[in-house]
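Chemist: My request is simple: use the sequences and hints to build the entire structure.
Residue numbers (this note's numbering), protein chains in the order written: chain A, 1 to 208; chain B, 1 to 198; chain C, 1 to 150.
No lab work stands behind these hints: they were computed from the structure.
Model, not experiment: these values are computed from the prediction.
Cβ coordinates follow ideal geometry from the N, Cα and C atoms, glycine included.
A couple of the hints might just be wrong.
[Stated by the list, open to error] Here are the simulated distance ranges between beta carbons: (1) C/Ala47 / A/Ile158: 15 to 23 Å; (2) C/Arg133 / A/Pro59: 43 to 51 Å; (3) C/Ala35 / A/Pro59: 32 to 40 Å; (4) C/Cys72 / B/Val196: 37 to 45 Å; (5) A/Arg111 / B/Gly5: 37 to 45 Å; (6) B/Leu81 / A/Ala131: 33 to 41 Å.
[Unchecked claim] To spell it out: a stretch of chain B is covered by chain C in this simulated footprint if at least three of its residues, at any positions, have a beta carbon under 8 Å from a beta carbon of chain C; those stretches are: (7) 81 to 93; (8) 120 to 130; (9) 147 to 154.
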Amino acid sequence: MSFEKEGFVPNPILAGLIGICPLVVAAKSFAEGAAYGLGATLCALLLGLLIPPARDFLPDRLQAPASLAISAALALIYALCLGMYSPALAAGLGIYLPLLAVSGLSLVALRLSSFPSRSGPDGQSRLAVIAMQSAWFLVTSACVGAAREILGLGMLTIPTPGASLSRIAVADFSPLRILVSPAGGFILLGFLVALYRVTLRASGRKGL
Amino acid sequence: MSYLGIVLTSIFASNALLAYGFGSMPERERKGSASLASALALACVNVVASTLLWLIHCLVLAPLRLVSLDILFFALIAVPLIKFIARMAQQGAIKQGSLLFRLGEKSDDLAVGSLVYGIALLSARSGYSLPEAVAASAASGLGYWLSQFLLEAVRERLELSDVPAPFRGAPAMLLSAGLMALAFMGIDVTFVKNLVGV
Amino acid sequence: MMADKREILVENLAVAAAIGVLVLLVAALSFVSNARATTQEGSYLAAAFSCASPQLALEVDDPAFERIFLLCNDSGNLYGSVVSLRGRGASALVGALYSPQGDLRGLHIIDSFGDSLSGDERELVSHFPDAERVLDRAADSIRNAARKGE
Numbered sequence: 001m002s003f004e005k006e007g008f009v010p011n012p013i014l015a016g017l018i019g020i021c022p023l024v025v026a027a028k029s030f031a032e033g034a035a036y037g038l039g040a041t042l043c044a045l046l047l048g049l050l051i052p053p054a055r056d057f058l059p060d061r062l063q064a065p066a067s068l069a070i071s072a073a074l075a076l077i078y079a080l081c082l083g084m085y086s087p088a089l090a091a092g093l094g095i096y097l098p099l100l101a102v103s104g105l106s107l108v109a110l111r112l113s114s115f116p117s118r119s120g121p122d123g124q125s126r127l128a129v130i131a132m133q134s135a136w137f138l139v140t141s142a143c144v145g146a147a148r149e150i151l152g153l154g155m156l157t158i159p160t161p162g163a164s165l166s167r168i169a170v171a172d173f174s175p176l177r178i179l180v181s182p183a184g185g186f187i188l189l190g191f192l193v194a195l196y197r198v199t200l201r202a203s204g205r206k207g208l
Numbered sequence: 001m002s003y004l005g006i007v008l009t010s011i012f013a014s015n016a017l018l019a020y021g022f023g024s025m026p027e028r029e030r031k032g033s034a035s036l037a038s039a040l041a042l043a044c045v046n047v048v049a050s051t052l053l054w055l056i057h058c059l060v061l062a063p064l065r066l067v068s069l070d071i072l073f074f075a076l077i078a079v080p081l082i083k084f085i086a087r088m089a090q091q092g093a094i095k096q097g098s099l100l101f102r103l104g105e106k107s108d109d110l111a112v113g114s115l116v117y118g119i120a121l122l123s124a125r126s127g128y129s130l131p132e133a134v135a136a137s138a139a140s141g142l143g144y145w146l147s148q149f150l151l152e153a154v155r156e157r158l159e160l161s162d163v164p165a166p167f168r169g170a171p172a173m174l175l176s177a178g179l180m181a182l183a184f185m186g187i188d189v190t191f192v193k194n195l196v197g198v
Numbered sequence: 001m002m003a004d005k006r007e008i009l010v011e012n013l014a015v016a017a018a019i020g021v022l023v024l025l026v027a028a029l030s031f032v033s034n035a036r037a038t039t040q041e042g043s044y045l046a047a048a049f050s051c052a053s054p055q056l057a058l059e060v061d062d063p064a065f066e067r068i069f070l071l072c073n074d075s076g077n078l079y080g081s082v083v084s085l086r087g088r089g090a091s092a093l094v095g096a097l098y099s100p101q102g103d104l105r106g107l108h109i110i111d112s113f114g115d116s117l118s119g120d121e122r123e124l125v126s127h128f129p130d131a132e133r134v135l136d137r138a139a140d141s142i143r144n145a146a147r148k149g150e
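Modeler: What follows is the structure, given as structure tokens:
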């Protein structure tokens with residue numbers, strides 16, 4: 001589906017289900033969703049920028065391990081920087097920060113970056129495709145985290161620097177506590193994907 | 001925790017797919033995903049990966065105070081080694097359809113993905129000894145296979161059911177995974193402690 | 001053939017050197033992050049337990065905590081650590097205060113995701129299944145630190 005023809009970019013998570021499973025567990029609050037989404041976005045964009053020139057001087061047999069090493073290094077750099085910015089946020093995300101190296105978005109960026117030409121499979125600029133998907137991933141990740149936190153705990157966590165994160169109380173009770181657990185994340189995402197399809201159908205488009 | 005407790009926790013309460021979100025959902029029919037080769041590949045690859053990462057973590061990185069770099073060394077050392085072993089298994093198999101060949105093929109596919117990375121990281125960073133890490137990683141691989149097997153069965157039933165159009169396919173699978181995760185949540189550390197005593 | 005092999009070796013060495021530079025870069029950032037975390041954790045514990053000038057007593061390779069600090073307050077010499085706890089849908093950074101013999105003297109929630117926690121040990125154990133094991137491991141590390149300090 002070419003977005004140049006229709007001007008429509010399908011959401012990589014809600015339409016393509018890219019990287020949904022770690023997202024479901026990692027993004028249990030707005031702060032964590034935003035941090036995870038930002039990490040995935042930065043890793044994918046930097047991979048899109050760094051891998052193509054690296055391919056030019058890497059022999060074929062070493063491209064895959066070197067690409068994985070670059071992806072792992074980027075994920076680690078982000079994890080260390082986030083730990084310096086907010087230790088609580090880094091502790092909340094835990095092993096999902098180093099796993100950004102093999103997140104769905106990073107693997108898509110690696111695959112697209114391995115194309116010999118600047119264009120991806122549909123003829124669009126490779127970097128533009130990665131940037132669009134990354135932007136969608138960030139927005140969706142933050143929104144899923146916010147929805148889970150507001151509906152699950154009645155509060156919203158803002159990713160401020162320092163020891164404690166700022167919180168805004170939305171309700172003085174926990175409406176659906178289950179939503180912050182992985183089980184609730186899967187259920188919420190199922191409903192969100194269905195809602196996305198209904199929205200697409202209502203606007204006359206088809207999903208992926 | 002006893003080895004039985006570690007195994008039960010790794011399969012159920014700490015299920016790789018339903019509790020940690022590693023791997024991917026069975027969106028469409030995959031031939032042989034419920035096969036013996038698939039289960040063996042998951043267990044073997046995770047054991048090899050976790051052992052390698054545990055050794056790198058404890059023998060190299062911990063003395064240098066560089067434990068946060070474990071995933072980088074994993075990508076550089078363990079992943080190429082697993083792919084090499086998988087290709088050796090495929091080449092060493094007597095015929096193309098044999099168990100060893102399919103084991104090698106599936107192991108090659110698994111080597112780069114959040115499942116193997118995630119389980120290896122969990123085992124290395126949980127404070128387990130090497131035998132405990134091996135048991136936990138093998139059990140995590142089998143737990144992932146079990147959740148995939150059950151979700152495949154649910155998917156087959158859903159295909160025959162009259163599901164509303166917006167929920168057909170992935171949304172129904174996600175809801176099923178959520179309900180299954182709820183059930184697995186019940187088999188947690190407290191339950192296992194009451195069951196096996198440790 | 002010898003020239004091909006030499007060429008392959010040179011290529012491999014060049015890529016290994018490049019990756020080595022990348023590893024060194026990440027390692028350097030890791031050391032900076034470690035130093036900053038040491039300062040931050042010391043200040044969290046000092047603020048939580050009203051202690052002046054915490055000193056790093058021991059660095060530990062544990063998944064839940066990395067540093068043991070020597071804290072001095074009116075009660076004498078105590079030890080503390082910032083412990084990371086994780087459960088289903090919740091996580092917390094907790095400051096734990098111990099006597100040199102490894103007896104838990106106090107807990108202070110630095111931050112938590114999932115629920116508002118009060119710092120009561122039983123509440124932490126019910127929220128985080130691993131809390132008991134982690135606090136026991138911290139107590140062992142503190143006993144080691146106290147022995148080394150004597």
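Chemist: Compare the structure with each hint and give your call.
Modeler: Verification of the supplied hints:
With their beta carbons about 21 Å apart, alanine 47 of chain C and isoleucine 158 of chain A fall inside the hinted range of 15 to 23 Å. A hinted range of 43 to 51 Å holds for the C-beta pair arginine 133 of chain C and proline 59 of chain A, which are about 48 Å apart. Range check, alanine 35 of chain C to proline 59 of chain A: about 38 Å between beta-carbon atoms, so the 32 to 40 Å window is met. Taking 37 to 45 Å as the suggested C-beta distance range, the pair cysteine 72 of chain C and valine 196 of chain B conforms, at roughly 44 Å.
Checked against the hint of 37 to 45 Å, the C-beta distance between arginine 111 of chain A and glycine 5 of chain B comes to roughly 40 Å, which is consistent with it. Under the hint 33 to 41 Å, the C-beta atoms of leucine 81 of chain B and alanine 131 of chain A, about 34 Å apart, fit the expected range. Figure legend: the stretch 81 to 93 of chain B, annotated as covered by chain C; annotation inconsistent (0 residues with Cβ-Cβ distances under 8 Å, at least 3 required). Note: the stretch 120 to 130 of chain B has 3 residues with beta-carbon separation from chain C under 8 Å; the three-residue rule is met and the coverage holds.
With 0 residues having a Cβ less than 8 Å from any Cβ of chain C, the stretch 147 to 154 of chain B misses the three-residue criterion, and the hint is violated.
Checked against the numbered hints above, the structure violates hints 7 and 9; every other hint is satisfied.
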